[in-house]
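**Q** Given next are the chains, with one letter for each unit.
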Amino acid sequence: MAYNILVVDDSEIIRKVLIKTLLLANVSVGELYEASNGKEALEILRGSWIDLVFADINMPVMNGVEMIEMMSKDGLLDKIPVVVISTESSSTRINELKIKGVRAYIQKPFTPEMVKKVVNDIMGEDDG
Amino acid sequence: MILWEKTMANDPKKMMEEAFIYVMEKMAFMFVDVPVKDEISNMDDVCFHVHMDFTGPTTGRLGLAIPMKLALTIAANVMGTEPDEPVMNIMAENIMGMGPDKPIDEDLIMDAIREILNVVCGRFLTLMFGDKPVFDLSVPQISRLDAGGWGEMISRPEVNVFMVENSPVLVYARG
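As they're listed, the protein sequences go chains A and B.
Take the first sequence: its position 45, counted from the start at 1, is 45 in our numbering, and no numbers get skipped.
Take the second sequence: its position 56, counted from the start at 1, is 56 in our numbering, and no numbers get skipped.
Bound conformation, chain A alone (with noise of 0.2 Å):
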């Protein structure tokens, strides 16, 4: 089964490195979608079919805490999975995170290994 996968993050550049890193750990990806902040990934969460969403925390315009509460007040979003991504590794904010329905936390910088292992845990298939 392929995914829809939307990728928040402030950093192009960091966004096309996640984007290379899914491909590179041989996620089954469908559509990729792309955001720059909490605000632009709502706006494509509402209009599109998404199954699983990266997002970094610290985040102009909205930040990545900020996003993560909206959509647990939505009924229509606060199913999907939600990854952090993030440079911040204080035990404090990650369970924080937790309590707010994240589902994973992955510590920049990462690799198709680390990737690989929370998409399969999330979505239930098998690593390998």
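Accuracy of the hints is not assured; some may be wrong.
Which stretches of chain A does chain B cover? Using the computed rule of at least three CB atoms under 8 Å from a CB of chain B, they are [unchecked claim]:
1) 84-91
2) 102-109
3) 112-120
Honestly, the hints are just simulated from the structure, not real lab data.
Where is the CB? At the ideal position from N, CA and C, for every residue including glycine.
Chain B: place on chain A using the hints.
**A** This is chain B only, laid out in the frame that chain A set:
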């Protein structure tokens, strides 16, 4: 409040060195050497200076100064391409419905350098203060640095000097 003080366990300059070396190896696939600071006084190339602030239990600023030519190589390495190749050539066969992207331009170079500092900052804060405190990070700000600015920066005691592919890079953490 966590005091920004130099101890044997968390010397900011040492932690910044460790964070920078780690991120350059893992993210840009480049090795870092530590030269004698006095040997690296002049800079002919135009440089980027990027800095960002963190606030939380303590506050501070981290920064990098990188010659533009090296910044181009870093951007290319981060993206896994060559400096003179169109970005994302691997994807250029429209396998994802995306055509060949634009060549690496100055915006992407600055984006790469900002992201390098962003990741260095995350690593540095963990090394300095552990994984419990929560910090808010500012968006990295970037500007050009001329020879005078380079000379002024390198003279500051908190500035580390590294060599990356025969180019000097200035790195600092300030409380």
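**Q** Of the numbered hints stated previously, which ones are contradicted by the structure, given in increasing order?
**A** 3
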